[in-house]
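Asker: If you're matching them up, the sequences are chains A and B in order. If you read the first sequence in numbering that gives the first Met the number 0, its first letter stands for residue 0, the second for the next number, and so on. If you read the second sequence in numbering that gives the first Met the number 0, its first letter stands for residue 0, the second for the next number, and so on.
Be aware that one or more of the hints could be misleading.
Selected chain A positions facing chain B (Cβ under 7 Å, derived; list incomplete) [stated by the list, open to error]:
| id | residue |
| --- | --- |
| 1 | Ala-17 |
| 2 | Thr-72 |
| 3 | Phe-82 |
| 4 | Ser-84 |
| 5 | Val-107 |
Dumping the calculated DMTMM-like pairs for lysine to aspartate or glutamate here, alpha-carbon to alpha-carbon at most 20 Å [as the list claims (entries may be wrong)]:
| id | chain 1 | residue 1 | chain 2 | residue 2 |
| --- | --- | --- | --- | --- |
| 6 | A | Lys-51 | A | Asp-36 |
| 7 | B | Lys-129 | A | Glu-298 |
| 8 | A | Lys-51 | B | Glu-165 |
| 9 | B | Lys-3 | B | Asp-242 |
| 10 | A | Lys-1 | A | Asp-186 |
| 11 | A | Lys-216 | A | Glu-189 |
| 12 | A | Lys-51 | B | Glu-17 |
| 13 | A | Lys-287 | A | Asp-219 |
| 14 | B | Lys-124 | A | Asp-186 |
| 15 | B | Lys-230 | B | Glu-184 |
| 16 | A | Lys-51 | B | Glu-276 |
| 17 | A | Lys-51 | A | Asp-219 |
| 18 | A | Lys-51 | B | Glu-184 |
| 19 | A | Lys-256 | A | Asp-303 |
| 20 | B | Lys-3 | B | Asp-207 |
| 21 | B | Lys-3 | B | Glu-142 |
| 22 | B | Lys-124 | A | Asp-303 |
| 23 | A | Lys-287 | A | Glu-231 |
| 24 | B | Lys-129 | B | Glu-110 |
| 25 | A | Lys-143 | A | Asp-36 |
| 26 | A | Lys-143 | A | Asp-113 |
Derived by calculation from the structure, the hints in this document are not laboratory data. These figures come from a predicted structure and were not determined experimentally. C-beta: ideal position from N, C-alpha, C; glycine also.
So the chains spell out like this:
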Amino acid sequence: MKVRFWGVRGSIPVPGRATNRYGGNTSCVEVRPRAADPIIIDAGTGIRHLGKALMEGTFGDGRGKASILISHTHWDHVQGLPFFSPLYRAGNQVHIFARQRDMHLEAVFSQQHDAAYFPVPLSAMHADMHFHELVEGARFHIGKAHVTCARLNHPWVAIAYRVDVDGASVVYCSDTAPFTDMLLGRDFIERPSFGTLPPPVQSELAAMRAGVVALAKNADLLIYDTQFTPEEYQARPHWGHSRPDDAIEIAREAKVKQLCLFHHAPMRSDDDNDKILAAARELVSADKFTLVSAYEGLEIPLGDQ
Amino acid sequence: MRIKFWGVRGSIPAPGPETNRYGGNTSCVSVHTAAGNLIIIDMGTGLMHLGNALLRTEFGKGAGRATILLSHTHWDHIQGLGFFPPVFIGGNQFTVWGPGSSPDVLEQILEGQMDPNFSPLQTLKNLSAKVDVRAALPAFEAEGVRITTREHAHGHTRALSFRVEEAGRSFVYASDVGYPESGPEPAAIAHYANADVLLHDSTYKPEDQATRRNRGFSSYEEACAAAIAAKAKRLVPFHYDQDYSDDAVDGIVAACTALLAPHGIAVTPAREGDELEI
Ligand SMILES: [Zn+2]
Ligand SMILES: [Zn+2]
Ligand SMILES: [Zn+2]
C-alpha cells in the first residue's frame, strides 16, 4: 500500500509563503491498498486536491468507489467534504465512516450543507453516499483491508484508526490529548487545572491509553497529533492535542517502525516545523524507529507494492 | 478611510505556492475610519490574521471595539470567527450587522458554526468578548460613518453589499453577487454610484462562469460593467475562485485594466496584506 498526505494542518487552513513546504491544508490522508479502492482518512481541506486527482481516474466517469474514515467532525476534519469532486458525479460510491453521534451521521453532515452555510445541500450530491456509524473497538473490512479503531482523548470524542492491508499496517491517531491530565469528552472546560484526578477518571484514561498502544502495536507507520509544544500544552491541556514527546512514548511502547508527526499548529511556519522535527529526532536517536514529519505530497510506501 | 485586505479568496481557503502573491485566505477586509475606528467586513479565514495584528492595539488589553459587517453566512465568510483572538479577551466589544429576518435568526446561524459536533468552542456563549448580533438596516450609522446596505441575489440565497461613507468619500463592498443574465440591475448601480472604490466580486473568468451561473458569483466582466455603469473611480476585483493560481488572477487583473482604462477607471486588485487609502 501507499500512504499519501494531502493535508497535514490542524484547526484551520493557513495559506501563505510560510507554509509552502509543509502545506497549509487541514487533515487528509490517503491510504491506497495495492490495486484497490482508496481509503481516505479525514476530510479536511486537503481532500479537495485528492478529489481532483481521483477525477482523473475511474471517479471521473462515475465508476469510482472510496471509503472515508472520519476521526471526528471538527471543522478541520470535514471542511473539504463539500469540495470533494467525486461526490458531484453520479455513479461514484462513497462510504463515510465516523463515530456514532447523538443524531444520525447523515444529519450531522447535512448540517454542514445547510443553506445558511453552503450553497449545495447534501441531498443534491449525485454520488451514492452511505453513512456507517462506529463505536470504539469496531472492526470491519473495506475490501481486503482490515480496519480497527480506538477512542481518543479529545473534546466531543475522536477515534483513531488502524488499517492492515498488503502485509503492512498504518495507524492514524489524531486528535488527542495525552492521557494524563484531564479526561476530555462532552464538557466544555473554560479554565483547565492540573490537579490530581479522581481514581475512576485515572483508570478511564489509563484504559484509553492502553487501547491506543494496543491499536498501534508493531505498526509500520504511526501518524500522531503533535500540534503542541510543551509550553503550549501547559497553557491549553483542554484543547485535546499532544506534544512530540507524547507521540514518541506511544511509539516506543507500541514498538512501531516509523512515527510521523502530524496535525501541525496553524501558526507554525515551515522553519518552526523543521526545528520541531530536528528536536524530536534527537530524542529518538537511540530508538529503533524512524521519525518523519508530515507534509503535503509526502508518500510513504508500506508492505507489498 | 484606510482599507486593508486580509482574505481575498472565495469558497474555501487555497494554500499553496500558486496562491502566494494574491493570498489564499477567504474574505475579510478591514476599514479604519479617519477618526480611527474599525469596521471589519466579513469573517473568512483572513480574520484570524487581522486578529493577530489587532492584539498589539487596545484589543490586546480588552479595550477594543469594532463593527463587523457580514455579507452572508456561507462558510468562507464566517470561518474566521472562532479563530479571531480578540473574541477570547473579555472587555472587547463587537457589533455584527448581518443578513437575516431578525437578529435571533442570524445569531442561531452563527451559533450553529460553534455546534460541539464541529467546534470545540461548543457555543458562542464561550467567547469572552461581547458579541452583539443585529439584523442590518437599509441605512445606519456605525463607528461615526454612514453605512447603506443592499440585499442582492447570490445563487439560491441572498447576500448584502455595503456602502461606507465618510467625509464625502465612499467605499462599496459587493462580494458574492449573482446578477441576472442581463447584467447588473439599476438598484445595484445606484448603490455603487460614483464610489471612490468599488470592491466587487470577480470570482470567475466569463468562460468559467458560463457553466456555473447558478452559483451566484460575478465574472470580472460583470464587475467591470458595474464599475462603468456606476461611474466608480476605482475597481477592486475580489473573491477569486479557489482554483485560480496567481497567474490566472494576473490575467483577470489585466483584462479588467484593459476594459476600464478607456473609461478612466483605475484597477487595484485585492491582494492579502495590501492597503488602500481613500
Ligand atoms: Zn483537528
Ligand atoms: Zn478536533
Ligand atoms: Zn463567498
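Asker: Now, for every hint given, state plainly whether the structure supports it.
Answerer: A quick look at each hint next to the structure:
Among the interface hints, the one on Ala-17/A is violated; its C-beta lies about 10 Å from the nearest C-beta in chain B, farther than the 7 Å criterion. Taken as an interface hint, Thr-72/A checks out: its beta carbon lies about 5 Å from the nearest beta carbon of chain B, inside 7 Å. A distance limit of 7 Å between C-beta atoms decides the matter here; for Phe-82/A the minimum to chain B is near 6 Å, and the interface restraint holds. Among the interface hints, the one on Ser-84/A is violated; its C-beta lies about 11 Å from the nearest C-beta in chain B, farther than the 7 Å criterion.
At a threshold of 7 Å, the smallest CB-CB gap from Val-107/A to chain B is about 5 Å, leaving the interface hint in force. Restraint check for Lys-51/A and Asp-36/A: the C-alpha separation of about 15 Å stays at or below 20 Å, so the hint holds. Of the supplied pair hints, the one linking Lys-129/B and Glu-298/A is violated, its CA atoms being roughly 46 Å apart against a limit of 20 Å. Taking the CA atoms of Lys-51/A and Glu-165/B, the gap is about 46 Å. The hint is violated against a cut of 20 Å.
For the proposed pair Lys-3/B and Asp-242/B, the alpha carbon gap of about 23 Å is over 20 Å, so the pair is violated. At roughly 38 Å between alpha-carbon atoms, Lys-1/A and Asp-186/A are farther apart than 20 Å, so this suggested pair is violated. At most 20 Å may separate the alpha-carbon atoms for a hinted pair to count; Lys-216/A and Glu-189/A exceed this at roughly 35 Å. This hinted pair checks out: Lys-51/A and Glu-17/B have alpha carbons roughly 16 Å apart, not beyond 20 Å.
Taking the CA atoms of Lys-287/A and Asp-219/A, the gap is near 12 Å; set against the 20 Å cutoff, the hint holds. As the CA atoms of Lys-124/B and Asp-186/A are separated by approximately 14 Å, the hinted pair is consistent with the 20 Å bound. Between Lys-230/B and Glu-184/B, the direct Cα distance comes to roughly 14 Å. Compliance with the 20 Å bound is thereby established for this hinted pair. Between Lys-51/A and Glu-276/B, the direct Cα distance comes to roughly 40 Å. Violation of the 20 Å bound is thereby established for this hinted pair.
With a CA separation close to 28 Å, the supplied pair Lys-51/A and Asp-219/A exceeds the 20 Å bound. This hinted pair does not check out: Lys-51/A and Glu-184/B have alpha carbons roughly 36 Å apart, beyond 20 Å. This hinted pair checks out: Lys-256/A and Asp-303/A have alpha carbons roughly 16 Å apart, not beyond 20 Å. At most 20 Å may separate the alpha-carbon atoms for a hinted pair to count; Lys-3/B and Asp-207/B exceed this at roughly 28 Å.
Distance restraint check for Lys-3/B and Glu-142/B: the Cα-Cα separation of roughly 17 Å lies within the 20 Å cut-off, and the hinted pair is therefore satisfied. The suggested pairing of Lys-124/B with Asp-303/A is violated, with an alpha-carbon distance near 52 Å, which exceeds 20 Å. A C-alpha spacing of about 28 Å is found between Lys-287/A and Glu-231/A, which places the hinted pair above 20 Å, so the restraint is violated. For the hint linking Lys-129/B to Glu-110/B, the alpha-carbon distance of about 14 Å falls within 20 Å, and the restraint holds.
Taking the CA atoms of Lys-143/A and Asp-36/A, the gap is near 10 Å; set against the 20 Å cutoff, the hint holds. A distance of roughly 36 Å separates the Cα atoms of Lys-143/A and Asp-113/A; the hinted pair therefore is violated under the 20 Å criterion.
Hints 1, 4, 7, 8, 9, 10, 11, 16, 17, 18, 20, 22, 23, 26 from the list above are not met by this structure, while the remaining hints are.
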